[in-house]
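Could you slot chain B onto chain A? The hints should help.
Read off the chains here:
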Amino acid sequence: MDRRDTIKSLLLGSVAVGLTVQGCISKEDNTTEVLPKDNTPFYGRTPEERERDKRLHEETFFNEHELETIAVLCDIILPKNENFGSATDAKVPDFIEFIVKDMPYHQTPLRGGIMWLDNFCNKNYGKEFKKCSQKEQLEVCDLIAYPKKTKKEHKQGEKFFTKMRDLTLTGYYTSKMGIEDLGYKGNTPNVWDGVPDDVLKAHGFEYEKEWLSKFIDQSKRGEIAKWDADGNLIS
Amino acid sequence: MQIKESPKTFDVIIVGSGAGGGMATKVLSEAGLNIAVVEAGPYFDPANEEQKNQLKWPYESPRRGAGTTRPFGEFDAAYGGWDIKGEPYTRKNGTKFEWFRSRMLGGRTNHWGRISLRFGPLDFKRRSHDGLGDDWPISYEDVKPYYDKVDKLIGVFGSKEGIENEPDGFFLPAPKPRLHELYYKRGAEKLGIPVIPSRLSILTKKINEDRGVCFYCRQCSRSCSIYADFSSGSCLIFPAQKSGGQITLYTDAMVREVLTNDNGKATGVVYINKKDRKEYQLRAKVVVLAASACSTARILLNSKSKTHKDGLGNSSGLVGKYLHDSTGADRVGFVPGLMNRKMYNEDGVGGMHLYSPWWGNDKKLDFPRGYHIEVWGGLGMPAYGFGFNVNGLNEYIGGEIGGYGNALRDDVKRFYGSIVGMAGRGECIAREDNYCEIDPDVVDEWGIPVLRFNYTWSQHEKLQARHMVNTFDEIIDAMGGKVISGEKPGEDKNYGLLKPGEIIHEVGTTRMGNNPKKSVTNKYMQLHDVDNVFIVDGGPFVSQADKNPTWTILALSWRTSDYIVDQLKKQNI
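Sequence order for the protein chains is A and B.
In terms of the working numbering, the first sequence is residues 1 to 235.
In terms of the working numbering, the second sequence is residues 1 to 573.
Worth double-checking, as some hints may not be accurate.
[Claimed, not checked] Mimicking SDA-like on lysine to any residue, the simulated pairs with C-alpha atoms at most 20 Å apart in a straight line are: (1) B:Lys52 / A:Phe42; (2) A:Lys131 / A:Phe62; (3) A:Lys185 / B:Arg414; (4) B:Lys278 / B:Pro42; (5) A:Lys148 / B:Glu400; (6) B:Lys52 / A:Pro47.
Treat the hints as calculated values from the structure; they're not laboratory data.
Next up, chain A with everything else stripped away, as it sits in the complex:
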């Protein structure tokens, strides 16, 4: 398709998204949460960026034990509920494996944090964190999950847990499942016509009458703009 055809089809596309909006983007398109293992062009990257991603996907950072520990922690931080799956259901450990290769400054705090946690559990329970009972695991988490309450000797564990919580939540809420859970409604063609009335009322606002004339009448968005000599819109 040459550029001109592209423009033509885009214009058709933009007519299609006019007022009825739909169609242009299907929610059930071929995107998937499985991380691309090769340089599939999921989105617009330069050749250098694509090459870098390919290389990162080919590398492995965490070992099996570390990944298993990360998975246990992810699901303590975000277990499933009645409507949505857990962090591991949303493949958060895969995301964490990628992000530490993308941002190497996460590597030592996470790898070392896992060792800190295993060391702590070995001392107190005689086994690694992942092998502890759920009750024991939660006892440990209670010591390091609340920044304002942490004892001095557990501060390093707290830093690790905070990083794990941050990455787990960010991984989850940027996944397809997490976005649905959040209820984010955007990233789709639509015609914005202001805050819904009930929301305006609930917050004690209205669009002031003297202001309304400044705003777009969305029924005329498709009409070509024309002005008089003084810059007043007449179409």
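What follows is chain B alone, placed relative to chain A:
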């Protein structure tokens, strides 16, 4: 000779394809001239599926949109950033300057905020008002017809307000404000700060058959695939090609210098083809530089010859001097009234729907000039970083911080959309001792001597930033919110003033004027020293107002292009 020469002589060579270069390409090609456009980066079209990022979801990327590879997030359209591999710049005297470059067709217009403000009558004549800096050799009346034409050609939404130094234009209707913007309006107006619909070059209404109408995805920074926002490629260069203009595009072509003959007149340029790393020469009757204020200064300073010993157009010694960027300071507030939001699609356009123009021209203040306020917030799409410090805001309303388990899901929803940010963008006084020059020791990977920056803020800018921070904190308070940016930054932190360059409005390096000893170009942005070289980027700005420079770059580039056509017709150049 090693340099490969093109046998053809163009009418005009345009260096750079951003706002200024794009406009010159359109106007000059439509006048029937034969144009070469030389761009240092690759071809880019936001409609191209392989380059497109619009409407992508965070999970389509393994790093979820993080900024590892691109400073404003990987879905941002800019190819480049503060640091470009193989193309360094340096600083001197321990000063700071950050330089953002986009290497791509359309340059930085592909990702910018689309804030499209006219300079007002006062902005061209500030020295006459406060005795600082210099007046422009032209006035608002000289530029107004071109602002009008730019409005109609490219499209900008806004509202007629009749504020003297914020001239109205030919506006498309504005989109209604979002909820947090209504909170902002209520808060700011309590303090007597005006709030009006923003003025962004995004099509809320159709302007022609070639461009789509905004479908409200808030992603202008990714460059619009239906061309509903202004980018130089999609709105100027492609249409110029489509209407049959004689345009030859050279991409991945980095211009090193302008060539001159024994009489000192420009004859063409030398560029490096980044693909084969060889030098090439192009010839033309006229050279138009639009590489960006600093890159153009660099090319001029690197264009030394028998007649132009200190660089082209530099008999005044002022090329690179009077470099100035907008001032900037930011604050963030948490507004409990915006907790527990009802969900709806609140994306809107790519940027704020409301803003505050400067309100203090007649006030007695401890700093000169002013700033405008940009506001952000709302129910935005999650990306890397979303959910960090998930319930830290409990600090302000009581409640547990940290923890784990499904309670975190409730925290996320409770606080989602309750943060409102404000950014001030103001005017810095241009000074001769803020400059870029050629670093005598360093070249980039193309063998081209690089720029070295020297830039300091004066007390004027610092006190302005202090006013911004104080004002934003008061607005946040008036919105019923709490400032969450921490203590007010003190003198040791320049009162919160961002580093020079960080606002990416750098201008002034080839400033215009009537006196060739005190300026680089005349009022038509033609070099005083060489009549067939013109500059149509932000370089010729005498002062930058508290307005984003793009709309003025476009208007002035059009004005200069008309002048070039006229001068060629009269055989004056």
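We went through each hint and held it up to the structure:
Annotation: proposed proximity of lysine 52 of chain B to phenylalanine 42 of chain A holds, straight-line Cα distance about 10 Å (limit 20 Å). Restraint check: the Cα-Cα separation between lysine 131 of chain A and phenylalanine 62 of chain A comes to about 18 Å, which is no more than 20 Å; the hinted pair holds. About 16 Å separates the Cα atoms of lysine 185 of chain A and arginine 414 of chain B, which keeps this hinted pair within 20 Å; it holds. For a cut-off of 20 Å, the pair hint linking lysine 278 of chain B to proline 42 of chain B stands: about 16 Å separates their Cα positions.
Restraint check for lysine 148 of chain A and glutamate 400 of chain B: satisfied, since their Cα atoms lie roughly 9 Å apart, inside the 20 Å limit. For the hint pairing lysine 52 of chain B with proline 47 of chain A, the CA-to-CA distance comes to about 14 Å; that is within 20 Å, so the pair holds.
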